[in-house]
Amino acid sequence: MKKLLTLILALAMVLALVACGNTANNGGTGNNGGSANNGGSADEGGEADLITVGIINNDPNESGYRTANDKDMKETFTEENGYKATFAYSLKNDEQIAAAQKFVQDEVDYLLISAAGTAGWDSVLQDAQDAGIQVILFDRTIDADPSLYVASIVSDMAQEGKTAVDWLASQGLEEYNIIHIQGVMGSAAQIGRTGALDDMVAANENWNLVDQQTAEWNAETAQQIVQAAIDSGKEFNVIYAENDDMAKGAVAALDKANISHGVNGDVIIMGFDCNKWALEELLAGNWNYDGQCNPFQASYIDEIIKGLENGQAPAEQVVILEEKGFDAATITQEDVDTYGI
Amino acid sequence: MSSVKTSLKEKKGLKGTLLGLVRQQIFIPIAALLLLVLFNLIVDPSFFAISLSENSAGDPVLSGYLITILDNASELAILAIGMTLVTAASGGQDISVGATIAIAGSVVLRVLCGTNSRPETLQAPIIVAFLVCCVVAMLFGAFNGVLVAYFKIQPMVATLILYTAGRSIAAWINNNELPIISEPSFGYFGNFIPGIPVPTPVFIAIACMVVIALALKFTNLGLYSQSVGINPHSSRLNGIDPAFIKFITYVILGLCVAVAGFIKVSRFSTINYSVVAKDIEMDAILAVALGGNALSGGKFNMGASILGAYVIQFLTTTLFKFNVDSSALPAYKAVVVILLVVLSAPVAREKLSNFWKKLAPAKAAKEAN
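Quick mapping for you: the protein sequence lines, in order, are chains Y and X. The first sequence maps to residues 0 to 340 in numbering that gives the first Met the number 0. The second sequence maps to residues 0 to 368 in numbering that gives the first Met the number 0.
Hint data in this document are derived by calculation from the structure and do not stem from the laboratory. Watch out, some of these pointers could steer you wrong.
[Unchecked claim] Chain X stretches covered by chain Y per the calculated footprint, using a threshold of three residues with CB under 8 angstroms from any CB of chain Y: (1) 171-182; (2) 290-302; (3) 313-327.
Each residue gets a CB set at the ideal place from its N, CA and C atoms; glycine is no exception.
Make a model of the complete structure from these sequences and hints.
Here it is as structure tokens:
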């Protein structure tokens, strides 16, 4: 009985692995098949073969941002564009590093990394360099010697925060009483977006933080935080939420208490990430500001790789993505369609 | 001399009733609740203010901390019902409820939206979506139940499978998209029905409690699950099938998960797979523990578990009110768990009762002098 059970479980695991392999590789090859082919193409070298890339990303279910990022990658690195891409996903740094090691063994041509954590990458990047693999960082930067990677295409979260806070300052309110809803503490987005606001509050007499709380990217927690502020009769006129979901939760609490918000409302609503539905709220005048966090890095990477293949080094090692901030007063339907994710 | 004797007697009577009260299982959550109420009453009595106002749609709504607590504790109270049964029968806990809530919610949205993630109109009646979600959640409950009851895998290990895989399954059901429903009537179930000032989840939670109360009163569910939890072998000798009882409690928990998931997606008319109902399994288990139920199975008190759920939300809301960092919330809950576990350990109980016994003669002697 036990043996039978073990057998069934083992079979189930194998099946699951096969299934995962198929979904993870949109390029059309299974995990093992992919690696064998990779070796072949590396040997053949300069022929008009496919460029093999190993892409290490965070779990696409993490957020709308990540889903858009992953989709963008998959749409760019296709066989039609001359790539053979293999994807590995994890939200954990150590698992990502293990995946990177595997890609190095498979001798991919390029290794693209969106790191979950900033530390611990040096040795595997050194291995990649020794194996002649070019490393390109996207979306997030890491603490490693810049000589270990050829380029990084990243978002400047601090700049995102600064753009948003500057916009808020330009609204010319007499007093800023802000409820600040933070993301998961310690994440790059939280640090960058919090830093800009904290600096401004420290520097100005008329900027006050009524509440500063982490809702961990969760709409429901954000709603409870704002609800608690309303129930205790706190006065506030700005909600600075570090992503769209949390802004949505905050707005739900305001709606319940009949506090007007958005354009011509009593409370200014600010969000980040530019989800499509959030930009629509902006267009409808229910929110005031949404800061972009650009998930579309694939075209930049594509350009750099094509350049490297022709022997040109990238013009700049660090490319900082252009990121906009949208104001409800000026946003158009076209913006929603173009920048909504 | 005689007067002293009578006073002693009275004292004993009073102490006896007090001790009797303390021995009642429901005493633990009530004491915790009273402690929180007292704390808030001293620090800020306005905590208990309830006001009737209008929301932005012009409908009357009740607001205030107490309403917030009742509203937000609804899902947890519903989960506590199922978790109590599972704990009693199988002597373990289901840690996959948060992930299966994500699945249940995802199913609701999938049925309502069809293949379009931003539908103008609903693709199916809401009741159909709810029923499908119930069936799916019960199937996942049955999966856990089969592993625990028939394959005799430790509940926590068996449910670990869905705990890790559930959120990905939820995302997969909707092709990794985040559907949003614009139809306002879908939001009624997680917010307010226009014209009724009490949040709808409160009614749903009460309905669930009534159903489970009736089920426990008119069926053998309670008796059987307790006897299976206390001693499966002797229950078997008495003609109860322990495996089936365990299995059925997981299916019931699946139903609770479906209701909770339905409320969760209705609150915002959308879903975020990675954060929806995050860590709610820990709160549900804590509610059971706070209700004074043995986590190793056996006898249970359903009312105490449900009250435990409200105590947890009371604590959460109190901490939000005092601006305690919400990432520190789990630490406070951990303190509660530690206290409960230590207090319910046999060693601690023995020490405590010895301590009481020592204290009592000392007092009596003092009074006699």
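We went through each hint and held it up to the structure:
no., hint, in the structure
1, 171-182, "holds (count 4)"
2, 290-302, "violated (count 0)"
3, 313-327, "holds (count 8)"
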